[in-house]
Amino acid sequence: MTQIELRGIQKFFGAVQVIKDLNLKIEDNEFIVLLGQSGCGKTTTLRAIAGLETIDEGDILIDGQAVQHLKCSDRDIAMVFQSFSLYPHMTVYENIAFPLRATRMSRSEVDKAVRGIAGVLRITDLLNRRPSALSGGDMQRVAIGRALVRRPKAMLMDEPIGALDAKLREEMRAEIKRLHLEQGSTTIYVTHDQVEAMSLADRIVIMHEGILQQVGSPSEVYSYPANLFVAQFVGSPVMNIAKAQVSEEAGSARVTVDGAEKGFAFPNELLGKIDRLKGANGSLALGIRPEGVMVEHQAREGFLPVEAQIIEPLGSYDIVDLKLGSQMLRARTRSGFVASAGDKVFARIDPTQAHFFDTKSGNSLGVRL
Amino acid sequence: MAAVRTGSEIALNRFAVVIVLIVTLIFLAPIYWITSTAFKPRNLATTIPPTVVFEPEISPFVKLFTKRAQLRSAPTPEEYAAAPWWERLVFDGGEKVVRSGKGEVQLSGYPSRFMNSLIVAITSTVLAVGMGTFTAYGFSRFKVKGEQDLLFFILSTRMLPPVVVAIPMFLMYRAVGLNDTHWGLIILYTAFNLSFSVWLMKGFIDEIPKEYEEAALVDGYTRMEAFFKIVLPEAATGIAATAVFCFITAWNEYAFALIMTNRRAQTAPPFIPSQVGSGLPDWTVIAAGTFLFLLPVAIFTFLLRNHLLRGMSFGAIRK
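Chains as they are written, first to last, in UniProt numbering: chain A, 1 to 369; chain B, 1 to 319.
Note that these hints are calculated values from the structure, not bench results. Check before you lean on any hint, since a few could be wrong.
Taking lysine-lysine and the BS3-like style, the derived pairs with C-alpha atoms no more than 30 Å apart in a straight line are [as the list claims (entries may be wrong)]:
| no. | chain 1 | residue 1 | chain 2 | residue 2 |
| --- | --- | --- | --- | --- |
| 1 | A | K153 | A | K20 |
| 2 | A | K167 | B | K210 |
| 3 | A | K71 | A | K112 |
| 4 | B | K145 | A | K71 |
| 5 | A | K323 | A | K344 |
| 6 | A | K20 | B | K143 |
| 7 | B | K210 | A | K20 |
| 8 | A | K177 | B | K210 |
| 9 | A | K273 | A | K360 |
| 10 | A | K344 | A | K262 |
| 11 | A | K323 | A | K360 |
| 12 | B | K145 | A | K153 |
| 13 | A | K177 | A | K112 |
| 14 | A | K262 | A | K273 |
| 15 | A | K71 | B | K67 |
| 16 | A | K20 | B | K145 |
| 17 | A | K243 | A | K273 |
| 18 | A | K25 | A | K177 |
| 19 | A | K262 | A | K167 |
| 20 | A | K153 | A | K25 |
| 21 | B | K210 | A | K71 |
| 22 | A | K20 | A | K71 |
| 23 | A | K360 | A | K243 |
Some chain B residues flagged as far from chain A (calculated, every beta-carbon gap over 12 Å) [as the list claims (entries may be wrong)]:
| no. | residue |
| --- | --- |
| 24 | V62 |
| 25 | K96 |
| 26 | L107 |
| 27 | T222 |
Predicted, not measured: the structure shown is a model, and the values here were computed from it. Yeah, the Cβ is synthetic: ideal placement off N, Cα and C, and Gly gets one too.
Chain A extracted, bound-state conformation (with noise of 0.2 Å):
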């Protein structure tokens, strides 16, 4: 039963702010992924709760606890780093072993909590070898059972698979999901890959320049970002963004994108959506994610004519990159249904996946169709 709470959290390096009054609430069992691009102050907040770095305000408790104060060693928090950081004159036994003789355990207890965990990671038939003779993943699999061993009140990840290759990758992926599955303890995992984070976490936490920007499930992050930010670094390809404008023709509601002659049919409700928002129409931003495009052959009620620019074949499905005016649309597509680059189509926009933000904060406005 392990909960971790971040209270205020301030953090400076010299005269840069690298955390800003960062506040997060860690319930016991969970597995949190701290999101964001390198510099965005994500692999500080680890250290700080390891203890590795010192805040400069704020409170960080575990089980309701202000630890700030006390050393690494006293936290009773387990760590892996992206470089792994096994001990090169140790075994993969003594690595692995390592932690738990700084407790007074005895020789025998440690021999089989040592066995048990490499069971559990299938590595028993290396504890002889040294690092430097593991591959990869063998490597990673001994890290986490070295801080998997005593049993820690929280697991920290520093981009853990961050080193591997892809395909190594992705099979650690699943298996550090196994293992939380079978362990079970509560896990703060750093990554700047936003396929690792929804793929992994219960909740995701996504940071940029020191700042929360929003905490929420993979799919609430994904379906309701809630500010560009967030919008434009989940999901892949990233979401079209353009500045637009709403308005009203014949009866419905329109909206027409910076550079395009003609606007997208939308439902009369947004209308007074937009409107609620008093002033907003003036810095208006229309996110919509490559699969909210829709792209048919022939013309259609609602379809405005685009041409195709590019084509990436993804195997499963194409990403097609559409002219609209002076934009660009990012169009998902099945594979093939663009034959060739140039040829002209025609494109709408599914408008219950239409996201609207506000410029000049970034935010999202909420509205949904």
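Given the structure of chain A, go ahead and fit chain B onto it with the hints provided.
This is chain B only, laid out in the frame that chain A set:
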């Protein structure tokens, strides 16, 4: 892919090998000279041209370790017959071993000088490398105010020839009673080597990722424990290389040892040449003393040769 070498490349390679051989021979010649002289009979030590083929003897070593006096007349046959085999070697050289009133063989000054050298060199190496490692760790891992200035200051202690300060040092040492003491030389050599040791060790410790210690900290160890359990084993190569350099410097130091010591704490380097002036110079004895003096450094360096190679090429290779 097999590399195809042109004729000129092969010629160049052969030329390089020849140059290396010549340079190696030049460096090895004095060592050969010392070693061969140490095993020569006295009358063959100074022949012109040098004697290359001879029957090796160990009489120079017997003479090296014993106190001797010139024979006024040849030993009587009884004396000769009663003497042990090694004493006969001394008789054959025209000298006799000096015995105490109780008839015990008196040792020459060499063994105690050799011991002094060992005591001073080993202690100062341990101190310099130990303090240097701690200092380097501090500079490498913590934010130290004025770090660059302090490091420069440490380095600057090596910027003038040490002999420049020999006279003031001698006066200071005499004032505090440190001259002709082991500690006097140990402090001196530790101070010489410390700057070198700090700089070299800082380079090695900088190369050890600090995640290792952080992992140990998170694993429940204190920083001190992490230093001893993680950093020291990882820095073993660096420590070995630094120790070899410090040991050689302290072992070979001549000028300060000559000025600061004369008997009790005198090391081998000033002692060996001083024997040239006592009576007729017996070059074989001097060569034997030098030969034994070379051995510890040779053995120490040989044992740590792999570390040393890494230490010399250090910084040139990125992992």
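Verification of the supplied hints:
| no. | hint | verdict |
| --- | --- | --- |
| 1 | K153(A) - K20(A) | holds (26 Å) |
| 2 | K167(A) - K210(B) | holds (29 Å) |
| 3 | K71(A) - K112(A) | holds (28 Å) |
| 4 | K145(B) - K71(A) | holds (23 Å) |
| 5 | K323(A) - K344(A) | holds (10 Å) |
| 6 | K20(A) - K143(B) | holds (24 Å) |
| 7 | K210(B) - K20(A) | holds (26 Å) |
| 8 | K177(A) - K210(B) | holds (28 Å) |
| 9 | K273(A) - K360(A) | holds (18 Å) |
| 10 | K344(A) - K262(A) | holds (16 Å) |
| 11 | K323(A) - K360(A) | holds (26 Å) |
| 12 | K145(B) - K153(A) | violated (36 Å) |
| 13 | K177(A) - K112(A) | holds (24 Å) |
| 14 | K262(A) - K273(A) | holds (21 Å) |
| 15 | K71(A) - K67(B) | violated (65 Å) |
| 16 | K20(A) - K145(B) | holds (27 Å) |
| 17 | K243(A) - K273(A) | holds (18 Å) |
| 18 | K25(A) - K177(A) | holds (21 Å) |
| 19 | K262(A) - K167(A) | violated (45 Å) |
| 20 | K153(A) - K25(A) | holds (15 Å) |
| 21 | K210(B) - K71(A) | holds (17 Å) |
| 22 | K20(A) - K71(A) | holds (23 Å) |
| 23 | K360(A) - K243(A) | holds (11 Å) |
| 24 | V62 | holds (47 Å) |
| 25 | K96 | holds (58 Å) |
| 26 | L107 | holds (45 Å) |
| 27 | T222 | violated (6 Å) |
The earlier numbered hints that this structure contradicts are 12, 15, 19 and 27.
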